[in-house]
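We have chain A already, so just place chain B on it with the hints.
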Amino acid sequence: MVCEHSTRDELSGYADGELAKERNRWWDAHLAECPPCREALARLQALREQLRGRLPPREPSSAFRDDLRRLIRAERGRSGRTLANRGVWRTALAATLLFAAGLGVGHIATRGGQATVADQVVAGHVRSLEVDHLVDIASSEHHVVKPWFAGKLDFSPPVPELAQEGYPLIGGRVDYLGGRAVAALVYARGPHRVNLLVWPTASSSACVRDPTMVRQGFNLSHGRAGGMEFWAVSDLNRGELEDLVGRWQREVAPEARGCG
Amino acid sequence: MLPHLGAAFTLARYLLRDAADAEDAVQEAYLQALRHFGGFRGENARAWLLTIVRRACYSWSDRENRHDHARDPDLVDELAGDADDPETAVVRGELQEQLARAVDGLPLPFREVVVLREIQELSYQEIAAVIGAPVGTVMSRLARARRRLQRVLAAQGMGGTHGL
Chain A
14 MVCEHSTRDE LSGYADGELA KERNRWWDAH LAECPPCREA LARLQALREQ
64 LRGRLPPREP SSAFRDDLRR LIRAERGRSG RTLANRGVWR TALAATLLFA
114 AGLGVGHIAT RGGQATVADQ VVAGHVRSLE VDHLVDIASS EHHVVKPWFA
164 GKLDFSPPVP ELAQEGYPLI GGRVDYLGGR AVAALVYARG PHRVNLLVWP
214 TASSSACVRD PTMVRQGFNL SHGRAGGMEF WAVSDLNRGE LEDLVGRWQR
264 EVAPEARGCG
Chain B
223 MLPHLGAAFT LARYLLRDAA DAEDAVQEAY LQALRHFGGF RGENARAWLL
273 TIVRRACYSW SDRENRHDHA RDPDLVDELA GDADDPETAV VRGELQEQLA
323 RAVDGLPLPF REVVVLREIQ ELSYQEIAAV IGAPVGTVMS RLARARRRLQ
373 RVLAAQGMGG THGL
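First to last, the protein sequences are chains A and B. Under the working numbering, the first residue of the first sequence is numbered 14, with each subsequent residue one higher. Under the working numbering, the first residue of the second sequence is numbered 223, with each subsequent residue one higher.
These aren't lab readings, by the way, just hints derived from the structure by calculation. Among these hints, one or two may not hold up.
Derived EDC-like pairs (lysine to aspartate or glutamate); straight-line CA-CA distance at most 20 Å [as the list claims (entries may be wrong)]: (1) LYS159/A x ASP240/B; (2) LYS165/A x ASP326/B; (3) LYS34/A x ASP22/A; (4) LYS159/A x ASP246/B; (5) LYS165/A x ASP246/B; (6) LYS159/A x GLU174/A; (7) LYS159/A x GLU23/A; (8) LYS165/A x ASP243/B; (9) LYS34/A x GLU23/A; (10) LYS165/A x GLU250/B; (11) LYS165/A x GLU88/A; (12) LYS165/A x GLU154/A.
Which residues of chain A face chain B? A few of them, derived with a C-beta cut under 8 Å, are [unchecked claim]: (13) ASP22; (14) SER25; (15) LEU60; (16) LEU64; (17) LEU68; (18) PRO70; (19) ARG71; (20) LEU81; (21) ILE85; (22) ARG86; (23) GLU88.
Some chain B residues near chain A, calculated using beta-carbon distances under 8 Å [what the hints assert, rightly or not]: (24) ARG235; (25) ALA322; (26) GLU340; (27) MET361; (28) ALA365; (29) ARG368; (30) VAL374.
For every residue, glycine included, the Cβ atom is placed at its ideal position computed from N, Cα and C.
In isolation and in its complexed conformation, chain A is listed as follows (with noise of 0.2 Å):
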């Protein structure tokens, strides 16, 4: 005996409880008369019994759990502070800006620019370190870390890997500083760790660094090289960083004036 509603999507509907109550009384009156379809929902009702009881939910990692955590804890902390420096973040930006434009050069700030500048990178620095946030993209190889960028900021950072010279790539993550993100590359020397911020720049790609700064202990190196604007922090000594700084440069722009 056959019934042709035994096959019929609604059926899987009636099991679930999720039929108009019309239907569902229609369906009522058919199976109080219909062996075949009596039959079709008990299999119905064996088959999800089955999988509820049994189809195991996926567990994942406590690895992955910890990392996750992390990694939403900096994203946190990182929006709540965009948005707090937002206004001094402006401000900042736009005294940079008129300034630059007077000297017609695109990067260096004023005294007063400048020093708010050198003072969050630091305290972005000490953030990354403090918050276990250094990186959101763990590696030593540029094409691992480069391509992790894509898509996450509107520019491609150069990455260049510097282990051979004593300072091995950790990684990468996503950072803001004037209110924009920038690339923050991590690189390290022993127990220091640098964080090294890039974005773009309008003006030449010729390699410029500013004398080394130091603030709250911290050695902080600004420049440019290769079109782009850089930003180094790190408890590193300073001429270990300035070694780190002008080996960084001259692989992102060889022939460019002032990096070789």
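Frame of chain A; chain B shown alone:
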């Protein structure tokens, strides 16, 4: 605290059939949820998050060029499923593993409604919102998915009311 991570990972894992891919998609989804929507909210935060996870899975599999057999459920009925995951077989019971394999073998449009219904226990209405399809489509996909599962499980001697 990570709200609904278990549900999110389970969906991603069944959709992408690979733990590492699922981790990437879930991470992407949580960051998107934070960045673009300011966190987890709404009256049904779980269904909302699963919507984002599902989208992340689709774009992940597009990016990885690991297309599922086909996305059109009207075409996929003819295609055989294939999914094997030997490393987890030893961890879980054989029966559980057989079920999970059967679900893994379903084409994507069927797989997702089964997971959303049988593991996440969402209503048809919620599933419709998650996959962006009418409720009627949810019902028919579930019905077809179940027919396929019954066929597959019957062939393994555990279908219907028998073999339980």
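Results for each hint:
| no. | hint | result |
| --- | --- | --- |
| 1 | LYS159/A x ASP240/B | 24 Å, violated |
| 2 | LYS165/A x ASP326/B | 32 Å, violated |
| 3 | LYS34/A x ASP22/A | 16 Å, holds |
| 4 | LYS159/A x ASP246/B | 17 Å, holds |
| 5 | LYS165/A x ASP246/B | 15 Å, holds |
| 6 | LYS159/A x GLU174/A | 11 Å, holds |
| 7 | LYS159/A x GLU23/A | 52 Å, violated |
| 8 | LYS165/A x ASP243/B | 19 Å, holds |
| 9 | LYS34/A x GLU23/A | 13 Å, holds |
| 10 | LYS165/A x GLU250/B | 11 Å, holds |
| 11 | LYS165/A x GLU88/A | 13 Å, holds |
| 12 | LYS165/A x GLU154/A | 18 Å, holds |
| 13 | ASP22 | 4 Å, holds |
| 14 | SER25 | 4 Å, holds |
| 15 | LEU60 | 6 Å, holds |
| 16 | LEU64 | 4 Å, holds |
| 17 | LEU68 | 5 Å, holds |
| 18 | PRO70 | 4 Å, holds |
| 19 | ARG71 | 4 Å, holds |
| 20 | LEU81 | 6 Å, holds |
| 21 | ILE85 | 6 Å, holds |
| 22 | ARG86 | 10 Å, violated |
| 23 | GLU88 | 5 Å, holds |
| 24 | ARG235 | 4 Å, holds |
| 25 | ALA322 | 6 Å, holds |
| 26 | GLU340 | 4 Å, holds |
| 27 | MET361 | 4 Å, holds |
| 28 | ALA365 | 4 Å, holds |
| 29 | ARG368 | 6 Å, holds |
| 30 | VAL374 | 11 Å, violated |
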